[in-house]
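There are 2 protein chains.
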Amino acid sequence: MTGSSAKRLYVALIHHPVIDKNGETIASAVTNLDLHDIARACKTYGVNGYYVITPLEDQMVLVNRILGHWITGVGGRYNPTRQQALELVRVRATVAEMIGEISEAEGCRPKTVATTARRHAGSLSYRRLREMLDEAVPIVLAFGTAWGLSDTFMAEADFILDPLTGAGTYNHLSVRSAVAIILDRALGG
Amino acid sequence: MTGSSAKRLYVALIHHPVIDKNGETIASAVTNLDLHDIARACKTYGVNGYYVITPLEDQMVLVNRILGHWITGVGGRYNPTRQQALELVRVRATVAEMIGEISEAEGCRPKTVATTARRHAGSLSYRRLREMLDEAVPIVLAFGTAWGLSDTFMAEADFILDPLTGAGTYNHLSVRSAVAIILDRALGG
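Protein sequences, first through last, are from chains A and L. When we follow my numbering, the leftmost residue of the first sequence carries the number 2, and every step to the right adds one. When we follow my numbering, the leftmost residue of the second sequence carries the number 2, and every step to the right adds one.
There could be a bad hint or two in this list.
Stretch by stretch, here's where chain A covers chain L in the computed footprint (C-beta under 8 Å, at least three residues) [stated by the list, open to error]:
1) 34 to 42
2) 45 to 53
3) 139 to 152
4) 155 to 167
5) 171 to 179
Among chain L residues calculated to face chain A with C-beta under 7 Å, some are [claimed, not checked]:
6) I182
7) D185
8) G190
Calculated directly from the structure, the hints in this document are not laboratory data. Yeah, the Cβ is synthetic: ideal placement off N, Cα and C, and Gly gets one too.
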């Protein structure tokens, strides 16, 4: 297939299972700008859906309140482009729920691609990721909040993506920046 | 020269002169996460300095208080990688002051490259930007907050960079995402 075939890419921002500063598995809090910045990047690059995964009920309520403001509330009238971006957001309690939903929509189970700042043996190159998207493979790109995705999540993912590398050993991008860069590498013209 | 020569790149986040929703020239407010996310991206990609330009005295005080917390205060002990990134930030009142300071440090006036979401005739390609950096040309990449850099600023810039393009006509990245992607295109491995 060629690069013009429809891409089947989803982005998942994971708040559980992720690790804290000490390596313990936690459920992190949702950050307002993660919703906005990542939704805008997803909309710009033509991502099919942006899943926000949190098992915490109060966090689900919070996210849905923010989305309501921008999608059906006054925010959408003030800034319609923000509305269009945030319409991509789907809040779900678990990764399994997301995978089930995407499987149903796509007619097959999507491949999960975990992102990390650390190098892993046999990791997926950006060139191969682009090829898989060109081949219309449904893919979920998973990003961890806090100190990153848990080891269990990483072990269960179908692929681990090459880490982004900059100029030296410092490699502490925000998750918002990492999503933007990786979408550009995967889908940018 | 080769790609291994020292890059002489600076990032400027402009709060004046920028335009508002109606195209009027304004001075915008500083956003806390613009400091963090952009400083972290600059540090990751080896940028020489990150200038935050605002003529508003209360905003300069605010930024310096935030920087103090992370550089010499408790924030730096809690998260040393944040400290290393924020040490790149320099708050200045005007673009002219920044240009004067960089000219003195580099021994010649830097080229200014304005960024925008709109297409301009004769704009600079990312390939040519990388070449200029490889040739050790000192460059300031300027990003506008609010609704973007003013026409006056654009007209006075040495170059206007090609806009980022995604999958369709939607093109409303946050400035944080735009900086991350453009640094990756200019300096990423």
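Here is how each hint holds up against the structure:
1. 34 to 42: holds (count 5)
2. 45 to 53: holds (count 3)
3. 139 to 152: violated (count 0)
4. 155 to 167: holds (count 3)
5. 171 to 179: As far as the stretch 171 to 179 of chain L goes, the hint holds, because 8 residues have Cβ atoms under 8 Å from chain A.
6. I182: holds (5 Å)
7. D185: holds (5 Å)
8. G190: This interface hint holds because 5 Å falls under the 7 Å limit.
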